[in-house]
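A.B. asks: All chains should be modelled from the sequences, with the hints used to inform the complete structure.
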Amino acid sequence: MAGALLLALPQPAKARSQPAPGFAAALPAPPPPRAADGSIFNVSAGYAGLAEGRRARAVGDPLTIQLVEQLTSSKSAAGKTQKNGAVNVVPPATGIASFLSRFTLNASGTSSFNGQGTASQTSTLGGEVAVTIAEVRPNGTALVKGEKRLLLSQGQEWVQISGIVRLGDIDVDNRVPSTQVADARIEYSGNGSIGRASREGWFSKFFNMISPF
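Quick note on numbering: my numbering labels position 106 of the sequence shown as 127, and the sequence is numbered without any gaps.
Be a bit skeptical, because a hint or two may be false.
[As the list claims (entries may be wrong)] Quick list of the computed label-pair ranges, beta carbon to beta carbon:
id	residue 1	residue 2	range
1	ILE231	GLN103	32 to 42 angstroms
2	GLY189	SER38	35 to 45 angstroms
3	LYS101	ALA151	15 to 25 angstroms
4	GLY43	GLN201	18 to 28 angstroms
5	ALA151	SER38	32 to 42 angstroms
6	GLY189	ILE231	45 to 55 angstroms
7	ASP194	THR162	12 to 22 angstroms
8	ARG170	GLU90	17 to 27 angstroms
No lab work stands behind these hints: they were computed from the structure. Using N, Cα and C, we set each Cβ at its ideal position, and we do this for glycine too.
C.D. replies: In structure tokens form, the structure reads like this:
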């Protein structure tokens, strides 16, 4: 019975102990072998037009995502109800209930409710992560993905990001702010002793899930 109850309860999101796969750098397809035409000029050798410059535009080209995420949410709710009722009955002077004539039957009831709730959350993420173009689409957008891993003395930390950017939003320094990345998926996590110390233990999670308060 207890096992069925635990399965029915919503499970909290679990922190990853290892980086999620699928964020490795994208590599361009190998160029086809060049035909011997006797020409010195070769487009596949990294040629970029004067108007294009060195701006990222092909699969495998790197660019930098500037993390400027700042989200603030706030919610407040209040409710109050109150209800009063009273009944006053005077028995008749004659008849079966005449013995109650000296008394007056009184009944009253009161119910009230007062509830308040406030919730607020602020999230800020800054920094830069270099990614690569994984796919170029005909509508002028590109799928980018990448990650940055840091191996520290007390564990490992990583930042992973993927999303869709418009090639026209890439500036001359090959940078795009994260606010212009569509369908952005950003994960910042880590493992090690510091990460374990900042997470709630499984025994506390168990009682928090079944606690009715």
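A.B. asks: For each hint given before, does the structure comply? Return the numbers of the non-compliant ones in rising order.
C.D. replies: 3 and 5
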